[in-house]
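So the protein sequences, as listed, match chains A and B. Taking this note's numbering, the leading residue of the first sequence gets 1, the next gets one more, and so forth. Taking this note's numbering, the leading residue of the second sequence gets 1, the next gets one more, and so forth.
Be aware that one or more of the hints could be misleading.
[Claimed, not checked] Calculated pairs, DMTMM-like style, for lysine to aspartate or glutamate (alpha carbon to alpha carbon, straight line, at most 25 Å): (1) B:Lys337 with A:Glu260; (2) A:Lys212 with B:Glu336; (3) B:Lys337 with A:Asp266; (4) A:Lys79 with B:Glu336; (5) B:Lys345 with A:Glu396; (6) B:Lys364 with A:Asp97; (7) B:Lys364 with A:Glu396; (8) A:Lys73 with B:Asp383; (9) B:Lys222 with A:Asp134; (10) B:Lys222 with A:Glu39; (11) B:Lys337 with A:Asp140; (12) A:Lys73 with B:Asp230; (13) A:Lys380 with A:Glu356; (14) B:Lys364 with A:Glu281.
For the record, the hints were derived by calculation from the structure and aren't laboratory data.
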Amino acid sequence: MEYDVTIGLEVHCEVKTNTKMFSPSLNAYEELANNNITEIDLAFPGVLPIVNYEAVKKSVKMALALNCKVPSKMYFDRKNYYYPDLPKGFQITQMHDPVGTDGYVNVFVGDDVKKIDIHDIHLEEDTASLDHYDTYSLIDYNRAGIPLLETVTEPCMHSADEALAFLDALRKIFIYCDISEARTDRGQMRCDVNISLAPKGSSVLGTKVEMKNINSFANVKAAIEYEIKRQTEALNNGERIIQETRRYDDVDNKTYRMREKVEGVDYKYFIEPNIPPYRLEKEFVEEIKSTIPMLQFERINKYMSEYDISKYDATVIVKDKSVAEYFEKCIELGINPKTCANWVTSIILAHLNKTESPIESLYLTPKMLKDLVKMVEDGKISSKQAKQVFYKVVEENKDPLTIIDELGIKQTSDDSAIRDIVKGILDNNAKLIEEYKGGRSNVLDFFVGQVMKATRGQANPTMTSTIIKEEIEKR
Amino acid sequence: MIEKTIEELRKDLDSKKITSSELVKESIELAYKYQNDYNSFVTICDDAAINEESKGALSGIPCAIKDNMSTKGILTTASSNILKNYVPFFDATVVEKLKKAGAVNIGKTVLDELAMGGTGTTGHTGPTRNPWDKERLIGGSSCGSAAAVALGIVPFSIGSDTGDSIRKPAAYGGIVGYKPTYGLVSRFGLFPFACSLDHVGCFTRSVKDAAIVMDGIKGNDKRDMTSLPDTNVNFENEITNDIKGKKLFYIKEIADRKTYEDDYDEELEQIITNFEKVIEDYKKLGATVEPISFDMKVLDAIYPAYLTISCAEATSNNSNLTGIIFGPRGEGESIEKIMFDARTKGFSELIKRRFVTGSYILQKENQERCFLNAQRVRRIVVDKMTQLYKTYDGMIGPAAGSIAPKFKSENVDKLSKRNLILENYLAIGNFGGFPSITLPCGFVNKMPIGLNITGAVRKDLEVLNIAYALESIYPYKGQIAKEVK
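Construct the entire structure; sequences and hints are all you get.
Shown next, in the form of structure tokens:
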């Protein structure tokens, strides 16, 4: 039997700020445990939360980037539960009035465009991290209180690919908007997956299974695929799917039951009394809106429609906002978009990847690239030489024009100078001219080679070839 | 010497008639002298930092601080076993401000466990007794702070007030108890009971002293987001007893003998008679006093709404007390069991009952019926008061429905109107964050009784003036419990 798969995601992402969500402790990745903590993070008696407005601004920015409705007032709620990773015994989060609701984001799934509906996005604080050992557990409170944005989608995805496409797009938005580094390897981005299967065409959703805290996109994909397989087999065997929370194990690529959900846990939410409601003025929201850069999806569309660049190249260029901005600057300076795309995707990005450096540190400015491209277009150097020049530029941190001068590779496009040399060579090779006229076309390459030799490679090869043909015709 | 008011002590200190170290020494001696009989203190600071340099009104003046205010390096227990060995490493803002003003903390005072209670009998070090009559309680939760001032150990003390925890003990102790506008004094470092209702305030033996203390501890605090912006007001300089033309009101049903038909006695008759005299005295001072009728249903709902909101917030606020990061570590095989054990052993039955109640109130299926309805009552009361404050400068009423009860009192759990309304309506001040003061206004059966004045938000000066005016025509200013005199 065939089934419709329905997937919803809850994605936690740490927000990049100087200090924590409700305390002046540093929000910094820290090797040393329990180094960034104050009495507030550890909930000593009498401490009070102080809202980090940088985090508020960034949360509003993210809500707007996800096309969400932003409330007129910012509230926080308490989510009450006991766990040692939660010093206060409650987490300050947003339940009644999240910073963003009813949004969407368009993503590419292969060549198709898919609209992912966002239920809400809310601002909260992270918990401490726990390491469990056989007879004891270690608690690191560095993470306790780090601002966290949780994005909750509607159950609107139907495959692992769609889920992955969304996660990737979401991650890029976080990075593009400078809200988070969104590094999964540091646990900055973590994902809960809700998945259900229903008979194909069914109007009601199947029983929901939740998979908690998956820490890499590859694991999200593997977990979804495993779960689709497991549930399909179970349903085909006439078994009932139980509403439960499962844990994905990336060692054997399977999911395991953690707990059965009879009723949802009651977190006894209520409005946090220590934080007065904060009015999000229209101007404030508008101002934040104006700081949102053009996002990946829109950029890809623009490159494809306005610059006639392939989707593949466009996708490669927009991956990093700085690269996209570099690219756009180049176009602004008048470099042909396709030529520019070639330069960026093949030469520049390859170099950056190899040297593991950001484009900001690239010595070759868009203006320099323009000069370099113009030299090729004007026939003054070959494409191959341009590439050599590029490597010299980034190696020696010198202007490409200087490098060209130093290398002495500027091609001679002086018609009469080349013509004189050609004449001299032809004069000494009457026999070969005959052979050429007789149909041995590779003789032309020999003559070109002779001219190059004579000019130490500085003659423009295309021009040389044309002149040779013209001079042979005359004889 | 120490039995004088702050105002008088200031003059003596400035004229070198006395030194701060002499005052502090006297305070500490008295603290020890009365400790056995009255149990005001959890900790007496033998090594209190003497301050001889004059830095302002409170400089060099001894004081006592309720043991639910965080004091750096000084045991702070909240009178609970779960914090019995807790020594904070930071000062509450109010403590910091007192230090800056040069006041000398000579001890941490007993409270009802975690400030939850109104009897002053539930602290982990035992009950606090009333200096006017040892057989009676002083009320709570700021019992030790009230007793220390009524005993004349210190001229002022710091308390906290969530329902009436300053204003009720002040009435039972024949002293002044003041709870300012919510946000005027920072709550940073106050161990929370119910943060939307919690206030830091003070006990003194004169209204002007309350103004002086308030000048020292008020002020915006970046560490408390509910703290109010600073204003230029100086209560000590601006306080006046000229209240001609001021408009006062009282709740008609509260002063009406008929309200209490089911629980009426001679004591209550005297309290109401006294209140009627206060009304006449205010009229003599040039103020108008009018009765305002409240819906009985609203009055009946104040105490249940208060209990509902405060228990709900309390159960959440005290969830940090698990023995994991601080406090006595519990035993058990799992983390959950360790926390469970610490809390089982650390709290008294009364506290557990409040937490269970609070937890019940916050459960999804009960929130609408319990928690949100209580919030609606709160809103109705605050709206009504705010509306009245457009016309009136203050509300007056008896601070309590009886004199300080004896320890084994029978009528505590009786759901009479007297208990339900008269004994608990001061929570109105906490609902709206209204400034509210209690000052002595007479005696019934040789025990002091108090008058309460509650004003509009941020009209602290107005409330102090109204109290100051009455005090100036009454003989109770600066009084110390007769039993110890």
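Quiz item: Looking back at the hints listed earlier, which ones does the structure fail to meet?
Solution: 5, 7, 9, 13 and 14
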